[in-house]
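Chains as they are written, first to last, in this note's numbering: chain L, 1 to 311; chain P, 1 to 311.
There could be a bad hint or two in this list.
Unchecked claim - Taking lysine to aspartate or glutamate pairs in the EDC-like style, the calculated list, with each CA pair at most 20 Å apart, reads:
id, chain 1, residue 1, chain 2, residue 2
1, L, Lys-32, P, Glu-110
2, P, Lys-32, L, Asp-87
3, P, Lys-32, L, Asp-234
4, P, Lys-176, L, Glu-110
5, L, Lys-32, P, Glu-180
6, P, Lys-32, L, Glu-22
7, P, Lys-101, P, Asp-87
8, P, Lys-32, L, Glu-110
9, L, Lys-32, P, Asp-234
10, P, Lys-258, P, Glu-140
11, P, Lys-32, L, Glu-301
12, L, Lys-47, L, Glu-172
13, L, Lys-32, P, Asp-87
14, P, Lys-32, L, Asp-184
15, P, Lys-32, L, Glu-180
16, L, Lys-32, P, Glu-66
17, L, Lys-275, L, Glu-301
18, P, Lys-275, P, Asp-234
19, L, Lys-176, P, Glu-283
20, L, Lys-32, P, Glu-172
What the hints assert, rightly or not - Beta-carbon label-pair distances, calculated as ranges:
id, chain 1, residue 1, chain 2, residue 2, range
21, P, Glu-301, L, Glu-140, 44 to 54 Å
22, L, Gly-29, P, Ser-212, 22 to 32 Å
23, P, Asp-17, L, Ser-286, 26 to 36 Å
24, L, Pro-90, P, Asp-17, 27 to 37 Å
25, P, Asn-256, L, Lys-275, 50 to 60 Å
26, P, Glu-21, L, Asp-175, 24 to 34 Å
27, P, Asp-213, L, Glu-140, 53 to 63 Å
28, L, Ala-26, P, Thr-182, 50 to 60 Å
29, P, Glu-22, L, Lys-258, 56 to 66 Å
30, L, Ile-5, P, Thr-182, 35 to 45 Å
31, L, Thr-182, P, Glu-22, 51 to 61 Å
Claimed, not checked - Not close to chain L: a few residues of chain P, all C-beta gaps over 10 Å, as computed:
id, residue
32, Ile-239
33, Asn-256
34, Ala-295
Simulated from the structure, these hints should not be mistaken for laboratory data. Every residue gets a Cβ at the ideal spot worked out from N, C-alpha and C, and that includes glycine.
Each chain is listed here by its residues.
There are 2 protein chains.
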Amino acid sequence: MEKKISDIVSNEAKAIDAIIEEFLPAEEGCAKTVMTAMNYSIHVGGKRLRPMFMQKTYEMFGGTDEEIIHPFMAAIEMIHTYSLCHDDLPAMDNDDMRRGKKSTHAMFGEAMGILAGDGLLNYAFETAIGAFDLVGDADEAGQIRRISRALGVLANKAGIYGMIAGQVVDIESEDKPAGEVTMDTIRFIHENKTAAMIESSMMIGAILAGASDEEVRTVEQIGSDIGLAFQIQDDILDITGSDDVLGKPTGSDTKNNKTTYVTLVGLDRAKEDVKTVSQRAVENLSKLPGSGSMAGIFLAELIGYLIVRDR
Amino acid sequence: MEKKISDIVSNEAKAIDAIIEEFLPAEEGCAKTVMTAMNYSIHVGGKRLRPMFMQKTYEMFGGTDEEIIHPFMAAIEMIHTYSLCHDDLPAMDNDDMRRGKKSTHAMFGEAMGILAGDGLLNYAFETAIGAFDLVGDADEAGQIRRISRALGVLANKAGIYGMIAGQVVDIESEDKPAGEVTMDTIRFIHENKTAAMIESSMMIGAILAGASDEEVRTVEQIGSDIGLAFQIQDDILDITGSDDVLGKPTGSDTKNNKTTYVTLVGLDRAKEDVKTVSQRAVENLSKLPGSGSMAGIFLAELIGYLIVRDR
C-alpha cells in the first residue's frame, strides 16, 4: 500500500527531530534557564521544512557524508526558531501562543524570550562552525571551502539582506494604512522573511554536496518560488483554515486589518498563483541532475504537498 | 614630549572607528531602518577596547595581514554593540541612555531595538565569515584553518557558554534578595558577561597570527584577568565616578540595591583586587613572545590604563 505524502513528511520530520536533538545544548550550569528556554522553543515543534529541504537537496546532488550536513540542518532550524521567539515578543507580534503551546516569552518571561532568541541565533553559528572540526587535515574533497561557502550563505540569508529585512518591512507595514501596502511590499516581505531561509536551506545542501555555481543559482530560484508559494498558502490558510488544525487563531490578518497577498488579489487568484509558482519550482527542479533520484522525487512531492496542506 | 596613554588609547580608538566604518552596512533599500539603527548604535561610540585588544594581540604575535584581522575587529564590536542594544531594552535593564545619548530602542522604538541587535549579531558573523574570501586558492599559510578556528572562538565566547550566560545570570540575580547573591555568582557574571569577550578578542588575534595552542590558552587567561579587573573597576566607578564623565548616571547599582563586587568586599579591597588581577595579567603577558614589541608594550600599558580610568 502506498504511503500518503503527509505521513512520509511527518516521518521525515521525526527523523530530523532526532538529528536536531543531538545538537541542542545540555540544560545545565548557572545559565541553565536560557538553555531550557531555547530547547523548549525548538521542542514546541514545527514542520522542520528547512532542514528537510536542506537534507534532500544535499542527497539529490549526491551528498553522502551525513556528519557534514547535520550541524547545518540543526543550525537552520535554530535560526528559524530564534526568529519565531523574537517575532512573538510583546514589542513585535505579541503572540502568547505558538503551535498550540505557550510562546517562549509567555512561558519564560520577556527577558528570557529575548535571550533565548539571542542564544539560538548565536548557537546556530556555533553549531554550523563546528562542522569544520569534522574535516581531516588532508581535506582532499575541499570540504573546508564548501563549509565556509555554506556559512556565508547561512549568515547572508538570515540577516539584514534576507530574513531580518523581511521582518523589518513586515513590522513597518503594520503601522501603515491598508491602502499604502502594495504588492511590491508584500512580495519583498515574503521573499525575505520566508523564502530567504528556504533558499538558504537548499543552497547549503547543494554547496556541501559539491554542486556547481550555476546549479546553486538554480536551487536559489527554486527555493525562492517555494518560499513565495508557501507564504501565499499561509495567507490563504489564515482565511480558510481551522484554528484547531493550525494550532493558532485563524482570521488574525483580517482582524488586524492586515494587507496580505490574498487581500490584494483575492482568494481565487491567490490559489492560482500558489499553483503556478509551485509548478515553476518543480519544473526547474526537474532540470537538475539527481532530480530523478529518491531525494529529487521526494522534493518534487514535498513542493506539491505544501500547496495542499491545511496547516 | 611623551604622549599620555589616555591620548594614545583615544587615537587608537579613532583609527579603529575608521576600520569598523568600512564594514558597516550601507543605509539603503526597503529595510533601511534597521541598518540606520545598527549604525546608530555603533556610532554612539565606546572605547573600542575589544577590537583594540584583538589588533594589538595579533601584532604582538607577528600578524601583519591587516585584511584578515579587520573583519574580525568589526565583528567583535558588532557583537558587543548588539549586547548593549538588547541589554538596554525595557524587558532587560530598561536604560534610555547610553554614553550620553539615547539608547537604540529609545531612539528607534522597541521592535527596532530588538531587530537592530539581531541584525548586528547576524551581521557580525556575516562579516567575520567574509574573511574566507580574502584567502587565495593556494592558502600556503593555512589561513583558512586559522579563520575557522577564530570563528569558533567568536561564536563560543559570545554565546550561551560565554557572554549570554553572564547576561542570563545577571538578569536572574536582580530578582534575588541581596543576601543570596554570592561572590561566586558575581564572578560568574563578570567572567562571562565581560571577560569572555576580552578573551575572545585576544584569542582571535593570537590564532589569526599563528600562535600555538599553549600561547592561545595563556592569552585566554590574560583576557579573563583583564575582564575581571575591568568589571570590578566598573563597579567601583558606579560609586566613585562622575555622571558627566561616565555619560550615564552613577549610583545606579546602589539605587537598585544591586549586589556588586564592591558591596561584597568593600571599596578598598575591590581597589586592591583590581590591581592584583591586572598585575597578574601584565606578568603573564610578559612571558609571551612579542611582549617586548611595540604592540606588546602597548598592551601592558593599556591594562594599566584601564585600572586608573575614570570612565
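Hint by hint, here is what the structure shows:
{"no.": "1", "hint": "Lys-32(L) x Glu-110(P)", "verdict": "27 Å, violated"}
{"no.": "2", "hint": "Lys-32(P) x Asp-87(L)", "verdict": "19 Å, holds"}
{"no.": "3", "hint": "Lys-32(P) x Asp-234(L)", "verdict": "26 Å, violated"}
{"no.": "4", "hint": "Lys-176(P) x Glu-110(L)", "verdict": "17 Å, holds"}
{"no.": "5", "hint": "Lys-32(L) x Glu-180(P)", "verdict": "18 Å, holds"}
{"no.": "6", "hint": "Lys-32(P) x Glu-22(L)", "verdict": "38 Å, violated"}
{"no.": "7", "hint": "Lys-101(P) x Asp-87(P)", "verdict": "15 Å, holds"}
{"no.": "8", "hint": "Lys-32(P) x Glu-110(L)", "verdict": "27 Å, violated"}
{"no.": "9", "hint": "Lys-32(L) x Asp-234(P)", "verdict": "26 Å, violated"}
{"no.": "10", "hint": "Lys-258(P) x Glu-140(P)", "verdict": "53 Å, violated"}
{"no.": "11", "hint": "Lys-32(P) x Glu-301(L)", "verdict": "38 Å, violated"}
{"no.": "12", "hint": "Lys-47(L) x Glu-172(L)", "verdict": "28 Å, violated"}
{"no.": "13", "hint": "Lys-32(L) x Asp-87(P)", "verdict": "19 Å, holds"}
{"no.": "14", "hint": "Lys-32(P) x Asp-184(L)", "verdict": "16 Å, holds"}
{"no.": "15", "hint": "Lys-32(P) x Glu-180(L)", "verdict": "18 Å, holds"}
{"no.": "16", "hint": "Lys-32(L) x Glu-66(P)", "verdict": "39 Å, violated"}
{"no.": "17", "hint": "Lys-275(L) x Glu-301(L)", "verdict": "13 Å, holds"}
{"no.": "18", "hint": "Lys-275(P) x Asp-234(P)", "verdict": "14 Å, holds"}
{"no.": "19", "hint": "Lys-176(L) x Glu-283(P)", "verdict": "60 Å, violated"}
{"no.": "20", "hint": "Lys-32(L) x Glu-172(P)", "verdict": "11 Å, holds"}
{"no.": "21", "hint": "Glu-301(P) x Glu-140(L): 44 to 54 Å", "verdict": "47 Å, holds"}
{"no.": "22", "hint": "Gly-29(L) x Ser-212(P): 22 to 32 Å", "verdict": "29 Å, holds"}
{"no.": "23", "hint": "Asp-17(P) x Ser-286(L): 26 to 36 Å", "verdict": "52 Å, violated"}
{"no.": "24", "hint": "Pro-90(L) x Asp-17(P): 27 to 37 Å", "verdict": "35 Å, holds"}
{"no.": "25", "hint": "Asn-256(P) x Lys-275(L): 50 to 60 Å", "verdict": "59 Å, holds"}
{"no.": "26", "hint": "Glu-21(P) x Asp-175(L): 24 to 34 Å", "verdict": "31 Å, holds"}
{"no.": "27", "hint": "Asp-213(P) x Glu-140(L): 53 to 63 Å", "verdict": "25 Å, violated"}
{"no.": "28", "hint": "Ala-26(L) x Thr-182(P): 50 to 60 Å", "verdict": "24 Å, violated"}
{"no.": "29", "hint": "Glu-22(P) x Lys-258(L): 56 to 66 Å", "verdict": "39 Å, violated"}
{"no.": "30", "hint": "Ile-5(L) x Thr-182(P): 35 to 45 Å", "verdict": "57 Å, violated"}
{"no.": "31", "hint": "Thr-182(L) x Glu-22(P): 51 to 61 Å", "verdict": "35 Å, violated"}
{"no.": "32", "hint": "Ile-239", "verdict": "26 Å, holds"}
{"no.": "33", "hint": "Asn-256", "verdict": "15 Å, holds"}
{"no.": "34", "hint": "Ala-295", "verdict": "27 Å, holds"}
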